[in-house]
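Turn these sequences into a full structure, and let the hints steer you where they fit.
With full-length UniProt numbering, letter number 283 in the sequence shown gets 283, and the count goes up by one each step, no holes.
Note that these hints are calculated values from the structure, not bench results.
No incorrect hints appear here.
Ranges of calculated distance between the beta carbons of each label pair, as one might list FRET restraints: (1) Arg103 - Ser278: 55 to 61 Å; (2) Gln271 - Trp308: 15 to 21 Å; (3) Ala101 - Lys211: 52 to 58 Å; (4) Glu324 - Ser278: 26 to 32 Å; (5) Pro333 - Arg3: 54 to 60 Å.
In silico lysine-lysine, DSS-like type, Cα no more than 30 Å apart, as pairs: (6) Lys17 - Lys6; (7) Lys295 - Lys266; (8) Lys190 - Lys6; (9) Lys248 - Lys323; (10) Lys32 - Lys17; (11) Lys17 - Lys211; (12) Lys300 - Lys323; (13) Lys32 - Lys105; (14) Lys32 - Lys22; (15) Lys323 - Lys273; (16) Lys190 - Lys17.
Please read all numbers here as calculations on a predicted model, not as lab measurements.
Glycine is no exception: its CB is placed at the ideal position from the N, C-alpha and C atoms.
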Amino acid sequence: MLRTVKEEAEKPEKEAKDQHQKLWEEQQAASKAQREQELAAGAFQELDDNMDGVVSVAELQTHPELDTDGDGVLSEGEAQTLLGGDSQMDPTSFHDRVWAAIRDKYRSEVLPTTPPAPSVPDLTEPKEEQPPVPSQPTEEEEEEEEEEGEGETEEEEEEEEEDFQVQGEQPKEAPPPLAPPQPASPTEDKMPPYDEQTQALIDAAQEARNKFEEAERSLRDMEEAIRNLEQEISFDFGPSGEFAYLYKQCYELTTNEYVYRLCPFKHVSQQPKLGGGSPTNLGTWGSWAGPEHDKFSSMKYEQGTGCWQGPNRSTTVRLLCGKETMVTSTTEPSRCEYLMELMTPAACQEPPPEPPADSDHDEL
1 MLRTVKEEAE KPEKEAKDQH QKLWEEQQAA SKAQREQELA AGAFQELDDN MDGVVSVAEL
61 QTHPELDTDG DGVLSEGEAQ TLLGGDSQMD PTSFHDRVWA AIRDKYRSEV LPTTPPAPSV
121 PDLTEPKEEQ PPVPSQPTEE EEEEEEEEGE GETEEEEEEE EEDFQVQGEQ PKEAPPPLAP
181 PQPASPTEDK MPPYDEQTQA LIDAAQEARN KFEEAERSLR DMEEAIRNLE QEISFDFGPS
241 GEFAYLYKQC YELTTNEYVY RLCPFKHVSQ QPKLGGGSPT NLGTWGSWAG PEHDKFSSMK
301 YEQGTGCWQG PNRSTTVRLL CGKETMVTST TEPSRCEYLM ELMTPAACQE PPPEPPADSD
361 HDEL
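Structure below.
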């Protein structure tokens, strides 16, 4: 039911999103074509030095950066090849046949119009100390200052004239650098937000997806719980289920070298005490391994990690009667075969029932 609701909500959502995507891509393509048209037109106008409406081989040769053989010079043959074998080309043919081949190499002769960034003041310079407040000058000092001021004014005017002359000569000494053609007004490559109607369809579909996913999670959790219960009831926990409390529990024993971990009815592992490292599997649950008259006195864990040039590791767990549940010892009687002792109240034998008291007896 929820799957059907989700799929029905996703159909109009997909159609609306696809339409929005299509319109945006069409706008991007049109905008890109317009920008390329403007760039090609600007390059054509620059190349057409005599403004006769066509670009000739000689005019194209004024841009050596279009060189194709790497010698730094655009020869007449190379220029004619760029023009498709023609000696000249009009604006339309230039855009359709030439511009795509030269756009990455072409450099505009127009100076960039971007104003230079303002210089950042050096914040590390020490602040100037405030000069002391001068006292009232005398008449003689005022006359001397006026004479000095006139001299300084004349010197400043002469320096300004020299600076003006130097600045006026700079354009003649340094020709303008070549710059790549700049797009007219490029748009961002980010898709605009959805309109209200499309967004409403998206929200409705997302709500349906959330409900469906929540139901899916609940179903998976329930199925997992059922599998765990089925697995749990499949174990033989003793005549009266006295060993059931060991299930889903783990017990550890730390020695000088290793940390041994027993998870009854699951597995046994060994891990180095120092330095960590991955645990070594000493066997997974196999079966009860006690003698016929005392089947539940030991457990067998098999098919652990293989030994080097030897069998897979295995562990026998001997159950001992005790008030607490704890691993008391772990040994390796033979190579790759371990013996572990687990103390547990479940291993204690129930005392035999007391005989009923014989209260009815005959008096002699």
